[in-house]
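I would like the entire structure built from these sequences, with the hints used as guidance.
Going line by line, the protein sequences match chains U and B.
Number 109 in my numbering belongs to position 109 of the first sequence; there are no gaps in the numbering.
Number 1097 in my numbering belongs to position 97 of the second sequence; there are no gaps in the numbering.
One or more hints might be untrue.
[Said to hold, decoys possible] Taking lysine-lysine and the DSS-like style, the derived pairs with C-alpha atoms no more than 25 Å apart in a straight line are:
#1 K1017/B <-> K1057/B
#2 K1057/B <-> K1071/B
#3 K101/U <-> K1057/B
#4 K101/U <-> K1017/B
#5 K1071/B <-> K1018/B
#6 K1069/B <-> K101/U
#7 K1065/B <-> K1017/B
#8 K68/U <-> K101/U
#9 K1065/B <-> K1018/B
#10 K111/U <-> K58/U
#11 K101/U <-> K1065/B
#12 K1017/B <-> K1069/B
[As the list claims (entries may be wrong)] The following residues of chain U were derived to be distant from chain B, with all beta-carbon distances above 12 Å:
#13 Q6
#14 V13
#15 E15
#16 F63
#17 E64
#18 E66
#19 A86
#20 A92
#21 K111
#22 V112
Keep in mind the hints are simulated off the structure, nothing from the lab.
Glycine included, C-beta positions come from ideal geometry on N, C-alpha and C.
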Amino acid sequence: AQSVTQLGSHVSVSEGALVLLRCNYSSSVPPYLFWYVQYPNQGLQLLLKYTSAATLVKGINGFEAEFKKSETSFHLTKPSAHMRDAAEYFCAVRATSGTYKYIFGTGTRLKVLA
Amino acid sequence: EAQVTQNPRYLITVTGKKLTVTCSQNMNHEYMSWYRQDPGLGLRQIYYSMNVEVTDKGDVPEGYKVSRKEKRNFPLILESPSPNQTSLYFCASKISGTGLLQETQYFGPGTRLLVL
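Now the structure itself:
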C-alpha cells in the first residue's frame, strides 16, 4: 500500500531563509508525487507535481522539489521565504497505474518569522 | 471563471438527519473526488469518479454515498450522519488521464460540517 510521511507538523523559518519541507513516500514503484498549498480558510492549490519526467520539478511561487528514488523522498524547497508563504503544505502520491486513489500526508504548517 | 463550487459552505446538523453536499465544476472534467480534512490526519479521500456513472471508493468511504449522473455534478450524501463525520470536506476535479498536464486537481472552497 502506498503512503506518504511528512516530517514535522510545524516548521518555522525566518523571512529570507531557506524553506525545506520533507516528504517521504512508500511505494513499490515510483508514483506520481505532488505538493499542494492551503492558505487559511481556502481550498488546496497545486504547487508542483512529478510524473516521471525531470527529477527536479519547479513549481509556482519559487518552490521546487527533487524526486530522489534512492531515498524515496520528494522534499519541497524554496531559497528565500516570504511572509506570504505562511500556509499549510501537503505532500500527496498517486500510483501510476491501476488506481486513481490519492494519498495525502498529514501536512506541515509553515510559519515565517519577520 | 473556471471553478469548483460546493454548497453549503457551512452546515450544522444532528445525528441521523440525512444531508447532501453538492459539488459542481464548469471545466468539463471527467474526474471528480471528495476528501475530508481533519486536524493531524491531513486529507483523506472518500470517493472518486472517473466519469458519469463510474465511481470508486477512496480510503474512508464508510458512512458516505456518492452519485455521478451528470458530468459536472458529484454530490456527497450522508444518509445517517454521526458526530465522527464532523469535518471539513473538499471536492476536487481534474481532466481524465495521466501525464503532466492531466495531473492537476482543482479544489473547491470546502464545506465545514458539524454533526451534533
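Evaluated hints:
no. : hint                : verdict
1   : K1017/B <-> K1057/B : 23 Å, holds
2   : K1057/B <-> K1071/B : 18 Å, holds
3   : K101/U <-> K1057/B  : 8 Å, holds
4   : K101/U <-> K1017/B  : 29 Å, violated
5   : K1071/B <-> K1018/B : 24 Å, holds
6   : K1069/B <-> K101/U  : 21 Å, holds
7   : K1065/B <-> K1017/B : 14 Å, holds
8   : K68/U <-> K101/U    : 22 Å, holds
9   : K1065/B <-> K1018/B : 11 Å, holds
10  : K111/U <-> K58/U    : 22 Å, holds
11  : K101/U <-> K1065/B  : 17 Å, holds
12  : K1017/B <-> K1069/B : 23 Å, holds
13  : Q6                  : 8 Å, violated
14  : V13                 : 21 Å, holds
15  : E15                 : 27 Å, holds
16  : F63                 : 15 Å, holds
17  : E64                 : 15 Å, holds
18  : E66                 : 16 Å, holds
19  : A86                 : 18 Å, holds
20  : A92                 : 8 Å, violated
21  : K111                : 16 Å, holds
22  : V112                : 21 Å, holds
In summary, the structure is inconsistent with hints 4, 13 and 20 from the numbered list given earlier, while agreeing with the others.
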